[in-house]
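Q: So the protein sequences, as listed, match chains A and B.
For reference, each letter of the first sequence is one residue, going 634 to 1040 in this note's numbering.
For reference, each letter of the second sequence is one residue, going 634 to 1040 in this note's numbering.
If chains are identical, the list can't say which one is meant, so a pair holds when it fits in one copy or spans any two.
Pairs of lysine-lysine, DSBU-like flavour, derived with a Cα cap of 35 Å:
id : residue 1 : residue 2
1  : Lys650    : Lys787
2  : Lys909    : Lys787
3  : Lys650    : Lys909
4  : Lys669    : Lys787
5  : Lys787    : Lys775
Keep in mind the hints are simulated off the structure, nothing from the lab.
Protein chains: 2
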Amino acid sequence: MHIDRRRLERSIEELGKIGETPRGGLTRLALTDEDKRGRDWMVARMGEAGLRVTIDQMGNIFGQRPGAEALPPVMMGSHVDSVPTGGKYDGQLGVLCALEAIRTLNDHGIRTRHPVTLVIFTNEEGARFQPAMLASGVLAGKIPLEDAYNARDKDGIRLLDELERIGYLGPEPCVPRPMRAYLELHIEQGPRLEEEGLAVGVVEGIVAISWSRLTIQGVQDHAGPTPMRIRHDALVAAAAVVTGVRRIARELGGDVVTTVGNLTVSPNIVNAIPGKVTLSIDVRDPRDETLDRALPRLDWLVREACRHEGVTYELEHYWRVPFTPFDRTVVAAVERAARATGARYRRILSGAGHDAQYMAAIGPAGMIFVPSRGGRSHCEEEFTAMDDIEQGANTLFRAALDLAGGG
Amino acid sequence: MHIDRRRLERSIEELGKIGETPRGGLTRLALTDEDKRGRDWMVARMGEAGLRVTIDQMGNIFGQRPGAEALPPVMMGSHVDSVPTGGKYDGQLGVLCALEAIRTLNDHGIRTRHPVTLVIFTNEEGARFQPAMLASGVLAGKIPLEDAYNARDKDGIRLLDELERIGYLGPEPCVPRPMRAYLELHIEQGPRLEEEGLAVGVVEGIVAISWSRLTIQGVQDHAGPTPMRIRHDALVAAAAVVTGVRRIARELGGDVVTTVGNLTVSPNIVNAIPGKVTLSIDVRDPRDETLDRALPRLDWLVREACRHEGVTYELEHYWRVPFTPFDRTVVAAVERAARATGARYRRILSGAGHDAQYMAAIGPAGMIFVPSRGGRSHCEEEFTAMDDIEQGANTLFRAALDLAGGG
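Build out the structure end to end from the sequences listed, making use of the hints.
A: What follows is the structure in structure tokens.
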């Protein structure tokens, strides 16, 4: 038994049209009109596949295929929101492979012991509302529902109002659910599978992640008549931080990655000395201890950079997720499925956060990676070859069948 | 004879209400609704003072007080637009002191030989439409009218459309005009007058200015799974440029100032490696030769920073104004006026560009500075004491009377 490659390919093309950018990427930010259209398309396909569709208080969508017994379901899914000018694989590939796995169960009239549930999580990316993985975080009981509802986008629009506006504020409580397992197929977003010529990654866990926010307050002044000797330039201090954040990764070595992805200057005009800069610092490593070593270095770096320029600052380490190991039985099931599929695979860690991270807190979870060309993602050039997608989808199908008890 | 301090103070308060920020600063960007209201207020005051008001093709406002003979006028003025969250003195103080000088001529029924004309220039700041001093540049024949009309703000709105929308697209040709002299009172925007306890600066000229624009193209990618070894981060290269621009000022020494005031990151989210950064570089010095030495250093700096990070770039040195010496007879008249006023004064250079810079290209021009507290400007904290303003306004009045032939 195997999935229908051409049917899956058509689904990828169709859903990829919703929010498509002129250069072939995707802009489908959470709870926008594009996201609503993507959700509506998915709900229609889920109905066609005979799933019972329900929506919870965070707009998470569930489509249940009954099992032979009243047991907790095997859940499969991912998200359909994207970053701005992102790609067509991040998130929606996992949702569509899960849909294809269910369609394949239908094709063969298979009745599994456990129900099988397709799930689509709200606002995984964190591009519009922070933090990322907001809705799986609420579902796992890690983020209060009220906090999530009150998250605001850069224009001050509240998440709750947008949920209501697009018609996805559902009645089901967003709370931990009993489950047999949670499986998520996703693109690797790194170069390793491609470099080693592999089609599938059996994901053993997700690296530890720390997010910090730095606000530097300098003295806004005119760029012309203000002598260098009296300047307190917030951007000069910020530049030293950006350089230093890169240096921390070099000094710690290993697999640690450090990124300043967001930096905003005020008033941001040619002839004014920047009075204020805000920036983000993202640090990740497989080992929690590495983050414990990185953050004090960051504190020191920021203090010295700001002292040197004579500016004040506020530094908040506002989000931290520890290393998340996936469930051994689920990882083993994924590995068996990859082997049975005949896919060239390896065990691997995820460098990106995923909804599976929060799901692992409430039940046995695991992930399947497929390669990203050039290791690239969160960009319009994001690409995974159909041959690899097919192997990944078959691995997902077999692992779900195995765990749901129908193989 | 002297100006009416209390009347001037009231005018400063009234015009300062239009576009006032909650913290007592000013946001009155060129050709916005606030700018229109500021202009309307000025036109009403000019009418009350008996001036004949005309508007030119660039929205520059002229208010003429007839002279005894048909001679070229003494022009006085500045601008009423501001930077975002700027102050209440930059620009409008020069316009209001010129208005006060004319009101004082009226008070004493003085008939000057030359006419006296109050002028308000459009878009001096360059905060909304680039470059700065756009309308005096057109008037001086240095910027083509078509280029100015097609200048667009950050939302893509065209200057010509905004001129029309607010009702300040006038019929008068915006071309060089014969003039006896151009006088502009302005805040120093630097610390020198205050440091030396002086009330008035007799401005001898304006420093040379160079503006450059740098676009860095890196590789946008996910901040998590992308190993440090394959990154091409546009912001890391930009940070090296910001640091290097500061270093160039230190190396060249003297009065040179260098500023990166504008820096924009794309896609600018926490978990994406910046794919693109644009930034501005502003370099100024009293001597043109210093700029000739600074720009090749900047070229080298950018090349090395981008080579090191493996990113591509485009660097344009798109605007350059040479050192502008003011007319010796006008400078002498200003100095006589300062002495007659009894003001403590010094000769000084301007570190900021002003409309007087372009006016100097078409006739005899000069400027009067008053102190800026803490040297600060282009910020809400901008402040000049009323005692200093009074001395500056009296200096302007006397210099205008002297040059117009009526003293």
